[in-house]
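All chains, full assembly: derive it from the sequences and hints.
As they're listed, the protein sequences go chains A and B. Taking the numbering used here, the leading residue of the first sequence gets 1, the next gets one more, and so forth. Taking the numbering used here, the leading residue of the second sequence gets 1001, the next gets one more, and so forth.
If you are wondering where the hints come from, they were derived from the structure by calculation, not from laboratory data. Accuracy of the hints is not assured; some may be wrong.
Stated by the list, open to error - Simulated restraints on C-beta separations:
| id | chain 1 | residue 1 | chain 2 | residue 2 | range |
| --- | --- | --- | --- | --- | --- |
| 1 | B | Ile1034 | A | Asn77 | 48 to 54 angstroms |
| 2 | A | Gly166 | B | Lys1031 | 51 to 57 angstroms |
| 3 | A | Glu243 | B | Asp1008 | 56 to 62 angstroms |
| 4 | A | Thr202 | B | Thr1014 | 25 to 31 angstroms |
| 5 | A | Leu81 | B | Thr1014 | 50 to 56 angstroms |
| 6 | B | Ile1041 | A | Gly194 | 48 to 54 angstroms |
| 7 | B | Lys1006 | A | Asp2 | 22 to 28 angstroms |
What the hints assert, rightly or not - BS3-like mimics (lysine-lysine), calculated; alpha carbons at most 27 angstroms apart, straight line:
| id | chain 1 | residue 1 | chain 2 | residue 2 |
| --- | --- | --- | --- | --- |
| 8 | B | Lys1031 | A | Lys32 |
| 9 | A | Lys210 | B | Lys1083 |
| 10 | B | Lys1083 | A | Lys32 |
| 11 | A | Lys237 | A | Lys101 |
| 12 | B | Lys1031 | A | Lys210 |
| 13 | A | Lys145 | A | Lys101 |
| 14 | A | Lys32 | A | Lys101 |
Computed from a predicted structure; not experimentally measured. Positions of the beta carbon are idealized from the N, C-alpha and C atoms, including for glycine.
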Amino acid sequence: MDFTEDQILRYSRHIILPEVGGDGQERLLNAKVALVGAGGLGSPVGYYLAAAGVGTIGVIDDDRVELSNLQRQIAHNTQRLGTLKAESAKATWEALNSDTKVNVHAVRLTAANIRGIIGDYDIVVDGSDNFPTRYLVNDACVMMKKTLISAAVFRFEGQVIAIYPGEGPCYRCLFETPPPAGMFPSCEEAGVLGVVPGVVGTLQATEVVKAILGIGEPLRGRLLIWNALEMSFFTVKVPRNRECPVCGDHPTITELIDGERSCSTG
Amino acid sequence: MGADFKVDRTLDVTGQVCPLTFVRSKLAIEKMAIGEVLEIIVDHRPAAVNVPRSMEHEGQTVLGVEQTGETEWHLFVRKDRQKSKQ
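What follows is the structure in structure tokens.
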């Protein structure tokens, strides 16, 4: 493609990189990424993907901006209280880069609608705040063979894993079923340091960009855990579980189902 | 220049400074075929050093750097590598 003068300037620090170049930047501009959630994780993911020139971002969120979100959800601001998070995020990211088209999906993902929504995207990023959505997104991505960059944060800690269906473990290989209701503190009880989803979402964005460019070692088969208080990163190897109910050799979950909604912190 | 090669494309980036001199040169050479020669005209002194060095780093071959004026250089780069690093 021929870059415009503005694009040459905007993406110059990418183009210089031997691993990116004009070819890589073109791949970014042609990429389509779906974000599940425009909250603490989705905010930095969408911000960096828009800055990188990812051409299409789908943002899936049916919540509205609340004051208690703004301690960490940097896609939003005080003027947008009460507006849809998906619309607020679109305004922020398109203002950063008009090369990025943000599609608003102001709905809650369900077994009935998820295929139709994520079907248009190459890569899915999970920044959801509840287990039923997390498992629904995992199962749909496995069935549809979509690359999924999954993450979660809790208090001072976060974890990330890249799921490449058929090439490594899925979320259910790691945690086969959601924890029983009540085992995890509710959203209101849990608390999270505001920068934690910022760091972890930025790690997710890094994995998305690597996946689009086809460079480096993906976080496949490895769960990365970061602790802010210890300021320590470590990775745990996660094998694919051949008995996994969704991606194993003889899957028992062959249809998407809606789970009961409980809460973790997103 | 003792020209035992022919120039396939000339890119004039006079008036421009680093790193855009290299950015534009890299975008130009990406579109060329292996073995073709790009001539780059620069008038920014650091670019006369930096652009050839960066091109070598990318796996291309610098055939020569010719100073044609007080602050004008012609750089000749042969494309030897199609893709950047993966």
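Quiz item: Out of the numbered hints, which ones does the structure contradict?
Solution: The structure breaks hints 2, 4 and 11; every other hint is satisfied.
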